[in-house]
Structure formats: C-alpha cells, structure tokens
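So the protein lines, in turn, are chains A and B.
The first sequence runs 1 to 258 under my numbering.
The second sequence runs 1 to 343 under my numbering.
Just so you know, these hints were derived from the structure itself, not from any lab.
Please read all numbers here as calculations on a predicted model, not as lab measurements.
Check each hint, because a few of them may be wrong.
[To be verified] Covered by chain A, per the in silico footprint, the following chain B stretches (three or more residues, Cβ under 8 Å):
no., stretch
1, 192-201
2, 266-279
[As the list claims (entries may be wrong)] Here are the computed lysine-lysine pairs in the DSSO-like style, where the Cα-Cα straight-line distance is at most 27 Å:
no., chain 1, residue 1, chain 2, residue 2
3, B, K129, B, K146
4, B, K138, B, K154
5, B, K244, A, K10
6, B, K146, A, K10
7, B, K129, B, K154
8, A, K182, A, K197
Quick reminder that beta carbons are idealized off the backbone N, C-alpha and C, glycines included.
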Amino acid sequence: MMGAILAIAKATYRESIRQRVLLVVLLLGLLLIGVSIAFSSLSTGEEFRFIVDFGLTGFVMVGLGLACILGGFMIPGEIDRRIVMTVLTKPVSRFQYLFGKFLGAALVIFIVDVLMGIPFIAAYMWKHPQHQFNPVLPLALFCMFLQTVVLLGAAMLLSTFSSSSFTVIATGFVYVVGSVNKYVAQLAEHGDSRVQKLIFGVLAKIVPNFQNFDLRQALLAEMPVDWHHIAVDVVGYTILFLFVVLSVAWLFFSEREF
Amino acid sequence: MAEAPPSNEVVIRTENLSKTYRNGAEQLLRMPGVTALSNLNMEVHRGEVFALIGPNGSGKTTTLKLLMGLIFPTSGEVEVFGSDPRTSVDVKRRIGFMPDGPYFYGHLNGYELLEFYANLLGMDRAATKQRVMELLEKLEMTTRAKQRVRTYSKGMLQRIGLAHALLQNPEIIFMDEPTSGLDPVGTADMHQMVRQMKSEGKTVFLCSHFLTEIEDLCDRVILLDRGRTLQYGDLNSLLAEPGKMRVRLSAVSAAARARLLPMGRPLAEDQAQGNLELVVADGTDTHNTISTANELGAHLDLVAPMRRTLEEVFMESIARQQADAPWQDGDRGLAHLVEREEG
Ligand SMILES: Nc1ncnc2c1ncn2[C@@H]1O[C@H](COP(=O)(O)OP(=O)(O)OP(=O)(O)O)[C@@H](O)[C@H]1O
Ligand SMILES: [Mg+2]
Chain A
1 MMGAILAIAK ATYRESIRQR VLLVVLLLGL LLIGVSIAFS SLSTGEEFRF IVDFGLTGFV
61 MVGLGLACIL GGFMIPGEID RRIVMTVLTK PVSRFQYLFG KFLGAALVIF IVDVLMGIPF
121 IAAYMWKHPQ HQFNPVLPLA LFCMFLQTVV LLGAAMLLST FSSSSFTVIA TGFVYVVGSV
181 NKYVAQLAEH GDSRVQKLIF GVLAKIVPNF QNFDLRQALL AEMPVDWHHI AVDVVGYTIL
241 FLFVVLSVAW LFFSEREF
Chain B
1 MAEAPPSNEV VIRTENLSKT YRNGAEQLLR MPGVTALSNL NMEVHRGEVF ALIGPNGSGK
61 TTTLKLLMGL IFPTSGEVEV FGSDPRTSVD VKRRIGFMPD GPYFYGHLNG YELLEFYANL
121 LGMDRAATKQ RVMELLEKLE MTTRAKQRVR TYSKGMLQRI GLAHALLQNP EIIFMDEPTS
181 GLDPVGTADM HQMVRQMKSE GKTVFLCSHF LTEIEDLCDR VILLDRGRTL QYGDLNSLLA
241 EPGKMRVRLS AVSAAARARL LPMGRPLAED QAQGNLELVV ADGTDTHNTI STANELGAHL
301 DLVAPMRRTL EEVFMESIAR QQADAPWQDG DRGLAHLVER EEG
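Could you build the full structure based on these sequences and the hints that come with them?
Below is the structure:
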C-alpha cells in the first residue's frame with residue numbers, strides 16, 4: 001500500500017526537480033531575498049522589518065507559484081502524456097496515485113523552502129540588531145510551507161475536474177480570498193443583502209484563512225509563540241483541509257477516464 | 001504453435017459491453033456522443049493468442065481500456081479473472097499492458113524506468129535488479145539501459161514498453177498495436193516474443209490491423225468495424241471454406257488447361273510456367289479433376305482443404321455489413337483497410 005505511494009512520490013519529486021520552470025521559481029525566490037538584503041540598507045532603522053516583510057512575501061509568492069505549477073500541471077501532464085495509463089495498469093489504486101503525487105509535490109515544496117530558508121535565516125540574523133537567532137523564524141517558515149501545501153491541495157482538487165488554466169486562476173483566487181479572509185467574513189456579517197451574506201459567508205468558510213499562517217507580527221515583535229494557535233489553527237486546520245480536499249479530489253479522480 | 005494448447009478456462013469475459021464517449025456538454029444535454037463499441041460479447045481462454053482486428057477507430061483501444069479499467073462501460077459487463085477491473089487492484093498484478101506508442105518519464109533511463117514500475121509492484125531491490133536485467137537482456141536492450149528514454153527510437157520504446165508489461169510476469173498480456181512503426185526485423189522479433197509468451201502459457205490479447213500478422217499468430221479473433229462485431233471465433237474455422245478443396249498442378253499443357261479450367265474456380269495461374277491452382281468441390285469433383293490432370297500428364301503438387309485468407313474474410317464481412325448498414329460519407333470502413341493491405 002505505502003510502497004506504491006512512495007514510489008510515485010519519489011518519481012514525482014525526481015521529475016519535478018528536473019523541470020526548468022521550478023528552477024526559475026527557486027531563483028526568483030532567492031533573488032527576492034537578495035534584493036531584500038540590498039534594499040534593506042536604504043530603509044535605515046527599518047532594515048530588519050524590511051527583511052522580514054520582504055522575505056516572507058517571497059516565500060508566499062514562490063509557494064503560490066509552486067502550488068499552481070505542481071497542482072495545476074502535474075496530473076494533467078501525465079494524463080496528456082499517457083503516463084497515467086501505464087501506472088494505473090499496475091496494481092496501483094487511483095487513491096495511491098493521487099496521494100503519491102501529492103506527497104512528491106509536497107516534498108519538492110519542502111526542499112525549495114529549505115533552500116530559500118537558509119539564506120533568509122542568515123540574512124535575518126545578520127540584520128538583527130543583536131544578531132540573534134529567533135526560534136519563531138523556522139516556525140514562521142514552516143507555516144509558510146503548510147500554507148503552500150494547503151494551496152497545493154486546493155489546486156490538485158481543482159485539476160481533477162477542470163483545465164490547467166482554470167486551476168491556476170482559481171488557485172490564485174483561493175490565495176487572494178484566503179489572505180483577506182477576515183474581511184470577507186466581515187462582509188458576510190455586515191452585508192446588505194442575504195445573497196451577499198450567503199456568498200461571502202460560504203467563501204469565508206470554505207477558503208482557508210491564510211492570516212492564521214502568517215507569523216510576521218509575532219516575529220517582528222519577538223513575541224512568544226502561541227502554541228495553541230499553531231496546533232489548532234495552523235497544523236490542525238491544514239490536516240483537516242487536506243483530508244477533505246484530497247478525499248473530494250479522489251472522488252472526482254475515480255470517475256476520470258484516460 | 002502447438003506448444004501449450006489453450007485451455008477452456010475463461011480469463012476475460014465481456015457481456016454486451018458498450019461504450020459511448022460523451023464530453024461534459026454532451027452528458028448534460030443527453031446528446032448521443034460517439035459510440036465506440038456496441039454490444040461486445042467475447043470470452044478469452046487461458047493460453048491463447050486472441051486478436052481484435054479492425055480499421056482505425058473501430059474500437060480496439062477502447063476495448064482494451066475497458067478491460068483494464070481505464071475507462072468504464074456505458075452498459076454491459078467486463079470481467080478479467082472474474083473481477084471487475086475497475087475496482088480490483090489485485091487483478092492488475094496478473095495482467096501486463098503494452099500501450100500503443102508508449103509514453104514514459106522521458107528523463108529517466110531505461111533501467112530507472114523499469115525500476116520505477118518494479119517499485120509500483122512492490123518488488124524489493126534485489127528482485128528488481130534481477131528482473132530488470134533479465135528483461136533488458138531478453139529484449140536486447142542491455143546496451144541502452146543507461147540511455148534516457150526520451151532519446152529512444154520507436155522500436156526501442158516498444159521494447160521497453162513490452163519489458164514494463166512483463167515485469168510482474170503476468171498471466172495475460174495486452175498489446176495495443178505491438179508492431180506499429182516497427183521495421184521488418186523488429187516486427188519479426190515482436191512476433192517471436194508473442195510466440196514465446198504463448199509457449200510459456202501466457203494469454204496474449206492483441207489489437208492490430210495487420211492482417212497477415214494476425215493470420216500467423218492468433219488462435220481466435222474478433223473482427224470489429226465501427227464498434228460492431230462482424231466476426232468472432234476460431235481463426236481456422238473462420239478461414240476454412242467448408243466443402244472446398246484446393247488443387248495445385250504443374251506442367252499443365254495448353255490442352256490440359258482447356259479441359260481443367262471449367263472444372264473449378266481458378267485461384268492462381270501461370271500459363272508460361274504451366275502452373276494452375278483450382279478450387280473445386282470436395283468428393284467427386286476433386287476426384288475427377290485429379291484423374292483428368294493425371295490423364296493429360298499434369299503433375300499434382302497439392303490437394304488441401306480450401307482456406308481463405310483473412311483478407312477475403314474481411315471483404316465478405318464488409319459486403320454483408322454494407323448491405324445491413326451502409327457507410328456514411330467520411331466513414332472509414334473496412335474497404336479502406338483492405339485496400340491498404342493490398343497496396
Ligand atoms: N476519449 C474519447 N473521446 C471521444 N471519442 C473517443 C475517445 N477515444 C476514442 N474515441 C472515438 O472512439 C472510436 C474508437 O476509437 P479507438 O481508439 O477505440 O479505435 P481503434 O480501433 O483503437 O483505432 P486505431 O486503429 O486508430 O488505434 C473512434 O471513433 C474515436 O474517435
Ligand atoms: Mg487504437
């Protein structure tokens with residue numbers, strides 16, 4: 001059971017890291033961090049704040065890009081190239097295939113995040129007034145990783161029943177709504193019409209709240225970590241979201257014909 | 001090919017199997033869609049070489065995909081080893097599939113590619129290594145093992161496709177157009193592989209539109225045209241022309257020729273060489289033809305039960321089908337196929 005999943009995850013990972021577009025995304029991310037270091041010296045006094053803001057935004061953007069590319073094109077690409085036929089005629093269930101693909105893509109995201117995280121942490125310590133390491137930093141990056149994985153799950157669900165271009169657009173939409181989820185919820189509460197309340201209400205409920213994943217404030221204020229928040233609103237939510245999204249994706253995928 | 005006689009155990013069975021392709025809009029609007037296969041009924045026995053024949057678009061690949069659970073029937077039933085291939089993952093341990101024009105992870109080399117599929121099968125490292133090397137050897141791909149699959153030629157891809165299908169040593173092997181795009185040597189090699197698999201007791205289920213290939217390799221066939229079954233059965237009885245004999249004569253003089261010709265239907269003739277081949281009814285007619293030939297000094301080279309070629313069977317089926325359901329404009333019927341085979 002696990003063997004086939006891991007074999008597919010490994011192949012997905014191997015295939016992905018050979019794709020030039022992923023390298024480009026990684027380089028863009030590194031560039032963003034480099035630029036943030038260069039520019040930080042201009043904003044005197046705010047240097048440290050600048051690095052944190054700019055750097056974390058880099059993680060978000062790269063994550064969004066990865067989720068769209070991997071989630072939107074990975075499985076449709078294998079369907080186009082008819083690879084999926086050769087895999088599913090081995091003793092591999094559609095669930096194993098889907099989940100293996102997901103794990104492989106998540107591994108790619110993790111590696112990209114590590115590769116960007118190391119220079120980011122170095123830059124942070126360099127620009128930090130006391131050159132201190134902050135344990136919230138890796139945690140903040142881990143939350144960014146989880147946010148990307150949540151987007152990946154959403155994209156994979158979308159790609160099981162829609163085209164790649166729609167998946168990319170819709171994933172972008174999920175990201176935008178998720179980032180302003182709080183305001184969407186407010187719109188739902190204070191909406192004028194019932195239709196408006198309903199639409200914004202549903203949207204706020206089904207789209208993840210990415211504000212929960214953003215530890216920027218805690219990082220800048222060097223506040224202690226709210227572990228309860230991390231465990232429930234970030235990790236717990238991610239697990240639940242992925243469970244639901246991948247289950248529904250599996251339902252759609254089971255009906256697909258190749 | 002009498003090594004391992006086919007048994008009567010049914011390994012594949014379909015009942016009124018039909019498939020209509022509809023895209024999303026067609027489904028919503030309940031439009032007719034494309035009927036690729038209608039009411040296919042067949043049984044395939046263990047150990048036989050079974051072929052689906054038909055022109056492009058006749059539903060061969062559709063049938064294979066239904067048997068493999070890659071697509072689902074619109075109506076009817078399909079069973080492989082008694083299970084529904086859509087739900088049974090275990091059945092896939094016992095079958096191998098060689099797709100038409102296989103596509104693989106191009107960045108992997110041949111060895112890595114087979115290793116990937118072996119991992120899917122749950123083989124451990126040692127078993128994988130041994131099996132992959134064995135198959136590469138068998139398919140003469142050892143020297144290409146370290147080359148990226150992307151750079152393989154069509155023939156090499158077909159070989160690696162077959163190797164991937166054979167990894168789990170399957171009981172049934174499905175092959176979609178196994179020789180399409182292969183040169184004569186590659187084709188002969190592929191035929192040899194089919195014979196070998198049969199001698200190992202495997203069931204081979206193949207799709208093809210090369211009639212001569214089928215005639216040499218297969219035990220039983222289904223003839224499809226636009227999704228409909230035209231013929232189904234034992235190749236020998238399909239080709240046999242009951243009650244007719246073929247009489248081949250040489251050293252036939254002009255006088256003998258004049259006497260012999262009206263006695264049967266000429267099948268082949270070479271006046272300059274004095275060769276003549278006739279189809280005559282068995283019994284008295286055959287006897288008379290032989291004695292006449294004897295009297296007139298012609299040599300008797302062969303007397304055998306008459307067998308049609310698959311091509312002739314095709315033509316007849318077409319004529320019948322044409323009468324039942326005339327072709328629409330733009331339809332690529334069987335006639336097109338036979339023309340090409342002849343040319
Ligand atoms: N996914 C699909 N959607 C719609 N129509 C399809 C689809 N796949 C096949 N068809 C149609 O079904 C019919 C049968 O196709 P199929 O691929 O089974 O033919 P085939 O006998 O394998 O032909 P070939 O010799 O060219 O490989 C064709 O008319 C084809 O256009
Ligand atoms: Mg085909």
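| task | Run the structure past the numbered hints and jot down the numbers of the failing ones, going up. | result | Violated hints (numbers, rising): 1, 2 and 5; every other hint is consistent with the structure.
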